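Chemist: Given the sequences, and given the hints that come with them, work out the whole structure.
Those protein sequence lines, which keep their order, are chains A and B.
Straight run, no breaks: the first sequence in our numbering ends on number 743.
Straight run, no breaks: the second sequence in our numbering ends on number 604.
No lab work stands behind these hints, which were simulated from the structure alone.
The model shown is predicted, which means the values in this text are computed figures rather than measured ones.
Backbone N, C-alpha and C fix where the C-beta goes; we use that ideal spot for every residue, glycine too.
All clues given are correct.
Simulated restraints on C-beta separations:
1. A:LYS738 - B:LYS35: 39 to 47 Å
2. A:GLU739 - B:SER78: 41 to 49 Å
3. B:THR40 - A:PHE543: 32 to 40 Å
4. A:ASP499 - B:THR40: 50 to 58 Å
5. A:GLU371 - B:ASP602: 58 to 66 Å
6. A:PRO535 - B:HIS141: 33 to 41 Å
7. B:PRO26 - A:SER655: 53 to 61 Å
8. A:SER701 - B:ASP602: 52 to 60 Å
9. B:LYS35 - A:LYS465: 41 to 49 Å
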Amino acid sequence: MENTILNKVDLIFEKIEPKEVLIRAYKKSSAEIIQDMLDSGLKGRGGAGFPTGLKWKYTAAEKNPDKYIVCNADEGEPGTFKDREILDRVSVKVHGGMAIAGKAIGAKKGIVYLRGEYRYLLPKLMIELDSFHKMIKEIGFDFSIEYRMGSGAYICGEESALFESIEGNRGEPRNKPPYPTVSGVFGKPTSINNVETLVTAMMIINHGPKNFTQYGTKDSRGSKVFSISGDTPTPGIFELELGMTVQQFVNEFGDGDTKAVQVGGASGFCVPRKKFADTIIGFEGVPTGGSMKLFNSSRSMYNVLHNYLEFFTEESCGQCTPCRVGCQQLLKGVEKVKKGEAKSTYLTELTKLAETMKIAAKCGLGQSVGNAFKSIVGNFKEEIIY
Amino acid sequence: MINLMINDQKISVQPGTTVLAAAKKLKITIPTLCNHDDLCVAGNCRVCVVEQKGARTLIASCATPVSEGMDIHTNTLKVRNARKHVVELLLSEHRADCTKCYKNQNCELQSLANEYAFGDHILLDLVEDHKYSIDRSSPSFVKDDSKCIRCQRCVRTCSELQSVSAISVANKGAHQKISSFHDKPMSHVVCTNCGQCVNRCPTGALVEKTYIDQVWDAIYDPDKHVVVQTAPAVRVALGEDLGYDPGERVTGKMVTALKQLGFSAVLDTDFTADLTIMEEGTELLVRLKKALVDGDKKISLPMFTSCSPGWIKFIEHKYPEYLPNLSTCKSPQQMFGALAKTYFAKKRNIDPSKIVSVSIMPCTAKKFEADRPEMRASGFKDVDFVLTTRELAVMIKQAGIDFRNLDEGKYDSFMGDSTGAAVIFGATGGVMEAALRTAYEIVTGREVPFGNLNITPVRGMDGVKEATIKIEGCVDAWKFLEGAELKVAIAHGLVNANKIMKMVRDGKASYHFIEIMGCPGGCIGGGGQPIPTNMEIRKKRMKAIYSEDENMVLRKSHENPEVVAIYKEFLDTPNSHKSHELLHTHYTERDNY
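Modeler: Put into structure tokens, the structure is as follows:
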């Protein structure tokens, strides 16, 4: 069994001179910044993994002079807590990444949508934002940032629901197309990026795209911050090179009795022990926005699944049928099977339903409920039934 | 043009066309539920999903614009399985009391269930897990959450078409529901009872409150004399619920059917529509005289029409400061009710306490209006029961009447005569046109200067219409109006009413007279009309209304012989003391939430 030491990286929290980096970014053209991002291979760190350079390129190509850069700081996926730490420790890099993105796409306005539960960070962030605004004014940036607070709805982390929330509407995902790059917040071309993506973008400007590509794999360049929790002796936040196997990860963070790792939170995938060695953490394997939960043999995977399904039943926005009703059916269905009120074969029917949710739900939330369901039921069927 | 393939057939369509609309052009049917032609795209029911080659997920055809080279399939195994799941999911949250449901056989969910989810259902019943409530507080409609499938047609209707937003989406996840402000009863919020949501609800979650049984009871009661009036817009739409195509006029057959149902007298709201023109036209001319000649600053102009009870409740909630601008005339329904138990009772020598006054209306707000405390001028409840066009169709079916083969009947008298001016009350702009036909003639002694009396500028489906009419050659009594330009405007659908009211409030409107109807298209598009109602159907009903008008011998309200007679025998003159007692009223401010 492979047992190499994981490559820990210090990019996100690395001490830098932000003003110097921003001066360098300011001197670059929009096209040069975008090319740097494309060259770096950076993909969105919120979990979906859309190439950041492309997102900026598309938004930059829009003719509308009013554009927005929105920072998605509605960190709501169960088991992620890295954006909180990033905002707490290096907010200047978040703001800096937004200014750089603004320069790239031609936006003068930035909005940070901050998770409601992180309101306590706001006073400090406001002070830091003031000095940031002073700094970029000195450099010459025509850019400013404002904060908008979320109110605790998980769905508002979905980009178009987030826009609706910013606009003062009920947080419900929109139909796509049009995509945010064409019509985002207030109907304007918008690039919406995760907190960590923006910080990474700034660090790519700092070190150059080549430096970034030395980490990770072809499909998953660079490093990423992981939020590690569950049955681990060392819970917390760690920046690791992408491309490791779950086995390597478990060797480092497991408690010696790990039976499963939930990669990517409630909407992610459950990887069982037998698949640890050949599952890569990254876009070629199981992608993650950072959430890594370890479960040892004392845990009931039924309880884990039940907990996730309860979560989705509550946190679905409720507008589309597959998600609103599908979540209730999956939850009630596994309960019935567990109680012996439905045959174990009913799980097959539920798995078919989960498949429909994956292809017929309106947004990423409903589409991803099936991930956790299928991977837990598929790998731990006995624990669900007995 | 965008080129794409649907089910291996090539098609080119305009950019921005949805996949659903493109498929329709190829005569390919894709089932829909949340989609409605009158409303913005929601894309939330997911019944219309189709497969796009190369896409990771299915796409909602109603919400996806076409793109070059798309390869769409609408009936693959993947699509069928997903659709079946979606329909079954909806059914699992829906109290499927179909045989007890008013919408049985007229329910879009039921139709889909017939196509996709017959036989045993695999999914679990979730109805008992929800604490559904039924709101019967409105006299106009019932809101039964256990039948609701969260398509949000009602929510979009209330905000987009009516700018009322009495209902909106509350809560999330499994608890998501359609609710009013703070979950208050519908009778205690800004709801105007217009029934546009009822007309668009695909299931039985929103239905009119029906009074069919009460009307049957009255008909069968030998001690009662049951009088029925029919609104102008009913005759051009009733047929749709009885197997006719939209736009067929069934006036005569409807009259015969009503007689066969057992009503003692079949009378016409058109009669009081003509009477409204006499009262309201006179009121306008008096207001103009007082404001323009006497310089009376207390006179409120522009004057608004007051026929539409949805509009009345809207102004009470949203623009109460403009209540003095509202014509004091009651609606034709209520004028009729007040006269049925006074004038009609006297003429026919019937004890008014024995009269049950029923009206057939294209409208659900009329049910609310009949219940208003202002509407008891006869000493009784002026109108006892209001039935919608749909309810009348139900009664005709219940009675086993062979509608198609009925003879063309004639309205009884008194209060059964009408003119073309009264008929067009049913379409937006109609009241204005009728008023102008009469008022212009009173003032100038000549007919309105429009070909064949058709005042085309006030007709049509534009949300806000305006017209200016120069008054020339006045008779002596109205010389002070010589050369004046009468400026009028028309709005239909409360979203347009709201637009015009904002213009008035902001001083951007210099109109003298504004006609406002609460529903899109006017009464032909009323909340009580057959389902479905959409732009295409509204236009057909409108066309039928105008052809009914053209076919009438009398086309000006003041020429209605029964109207002439009632002034002579009973009311004296328009706006007389007696008129005011019976035919006019005042409304009061309501809260704005």
